[in-house]
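So the protein lines, in turn, are chains A and B.
Following our numbering, the numbering of the first sequence begins with 1 at its first residue and continues without gaps.
Following our numbering, the numbering of the second sequence begins with 1001 at its first residue and continues without gaps.
Certain hints may be false.
Stated by the list, open to error - So these bits of chain A aren't anywhere near chain B, every CB distance computed over 12 Å:
(1) L11
(2) L16
(3) L50
(4) A51
(5) A52
(6) T59
(7) P61
(8) H63
(9) L111
(10) S127
Unchecked claim - Quick look at which bits of chain A chain B covers, simulated, 3 or more residues with Cβ under 8 Å:
(11) 17-23
(12) 31-40
(13) 91-103
Read the hints as simulated data drawn from the structure, not as lab findings.
Don't be surprised by glycine CBs; every beta carbon is placed ideally from N, CA and C.
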Amino acid sequence: MVSPAADPISLAELRLRWLERRQTVLAQNVANADTPGYVARDVSPFGVALAASQAMSITDPLHLRGTGAVGEARPRRERRSNDIAPNGNSVSLDEQAMRIADTDQAHALALNLHRRWISLVRSTFSSRGV
Amino acid sequence: MNLDRALVVSAAGMSTQTARLRIVAENIANRDSTGVSPDQDPYRRRTITFAQQLDRRAGVQLPVVRRVGTEPGEFPLQFEPSHPAANADGYVRKPNVTSLIEVSDMREAQRSYNANLAVMETTRAMLMRAIEAMRS
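Input sequences plus hints: build the corresponding full structure.
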């Protein structure tokens, strides 16, 4: 079985899926910025999620296959106690804004990688076809 | 699709902040609404509380309005003997609305609303970029 991130296109796709998931979690944090008792969440870092998706190696046909579902990374509550509002809410809007900007930038980068790689593959076809 | 869920949760955040702003507007508009007779209560300040609720279909925690209640507490007295609602000593019970609290609540609602709007714009930019990638 080919590792899910063997080629740049698959890697970019995994990254995009992870970024979309993260954007959803961050949007949830901002939307709940005034909900009492809400604890800010974030998904696990991409490196960890990627390693988890590749962790199961298959040496026997009866083994269960890893799903490789980076996009389904579960959001985890963050354990920080420095800035919790009196109502138990731990969302800091400034920090969420930073992370959203980060996600946006990474999304543009991953999408560019995806596009460049596809045009590279396409150019090999066109040079052969002449 | 994940980005759609991000839009749904941002929209829910904006609608709860709108509900909050409506309550603030109601409080400020009624800050001088006294009773017409001494035994009638003046306007009582309304409060709004939020809660998180799991949307099972989208798999996200949506903020929702939990309860619109009223603030207990004493009504401040104001000396105004000519007022129809004045008691035997000439004091009128005024609504328990404090402008400063309402204005700061309004500012917070506005800030949260803007934050949700900014997230929505970013999500939309990501979606548009993905659609653009399909075109090339």
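Determine which of the earlier numbered hints do not hold for this structure and return their numbers in increasing order. The structure breaks hints 2, 9; every other hint is satisfied.
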